[in-house]
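Per this note's numbering, the very first residue in the sequence shown carries number 1; after that it's consecutive.
Keep in mind that a hint or two might mislead.
[Unchecked claim] Straight line, CA to CA, 25 Å or less: simulated SDA-like cross-link-like pairs of lysine to any residue:
| no. | residue 1 | residue 2 |
| --- | --- | --- |
| 1 | Lys-25 | Arg-182 |
| 2 | Lys-47 | Glu-5 |
| 3 | Lys-20 | Asp-212 |
| 4 | Lys-25 | Phe-224 |
| 5 | Lys-20 | Phe-67 |
Calculated directly from the structure, the hints in this document are not laboratory data.
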Amino acid sequence: MTVLEVEHLSYAYGPVHVLKDVSFKVEKGDFVGITGANGTGKSTLLKLILRLLHGSGTIRVMGDEHFKDYSKVGYLSQKVTTFNSDFPATVDEVVRANLYPKIGFLRRYSGRKFGAEVDRALAMVGMTGYKHHLIGELSGGQQQRVFIARMLVAEPEILLMDEPTVGIDPKSLAELVELIERLNKEGMTILMTSHDLHSLRGANKILTLEDDGTAFMQDAKGYFAEGADHHGHI
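Put together the whole structure using the sequences plus the hints.
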């Protein structure tokens, strides 16, 4: 089943064309790694899929060019705030906040069901024991897991992740990559941008964005068989 289809997508920042006539398909259960040098439009592409930006061409989500239920598309921004120790919100509150569009803001503290949904999401990312901790007390890697739980609590069908492994220590990076790969093996469709070759080892497809704005999709096995030296942007 095709869950995302991009056809002849182009986008420019003023006179600078970042994406030119980009086309690709994503099937349910795919893990698509998105690579390319700085400035080739990796973050821009995710924002176009989310309709945060508008270019020319066609984007179909779940077969619908006018798809509006973006609770089904989880998004982890590259610039997620790292909270300091004084930030007055618990892990539970951070995750629960992503239920507000579905349950209504005025019902945010009511109902055991919603607590169970938060518990389920935290269990999926291995953060069950941190529910009542302040978000600012956690390490960068732990905070990133919480932000993934925040996406998962809304029960999305696609996850878009923009450089999720940037700025975390090696141990946390390995744990985060393992988590992302496990979510994919459990059936989650994932599109993830990264400069880190290792973090994309679990992908089955690689979408490479070129300096001239074009892009091409290939099987991940073929991509990695070419070797890191061939892919100078990694």
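Evaluation of the provided hints:
1. Lys-25 <-> Arg-182: holds, 22 Å
2. Lys-47 <-> Glu-5: Since the Cα atoms of Lys-47 and Glu-5 sit roughly 15 Å apart, the hinted pair holds (cutoff 25 Å).
3. Lys-20 <-> Asp-212: OK: Lys-20 and Asp-212 at ~8 Å, within 25 Å.
4. Lys-25 <-> Phe-224: holds, 20 Å
5. Lys-20 <-> Phe-67: Between Lys-20 and Phe-67 the Cα gap is close to 23 Å, so the pair holds against 25 Å.
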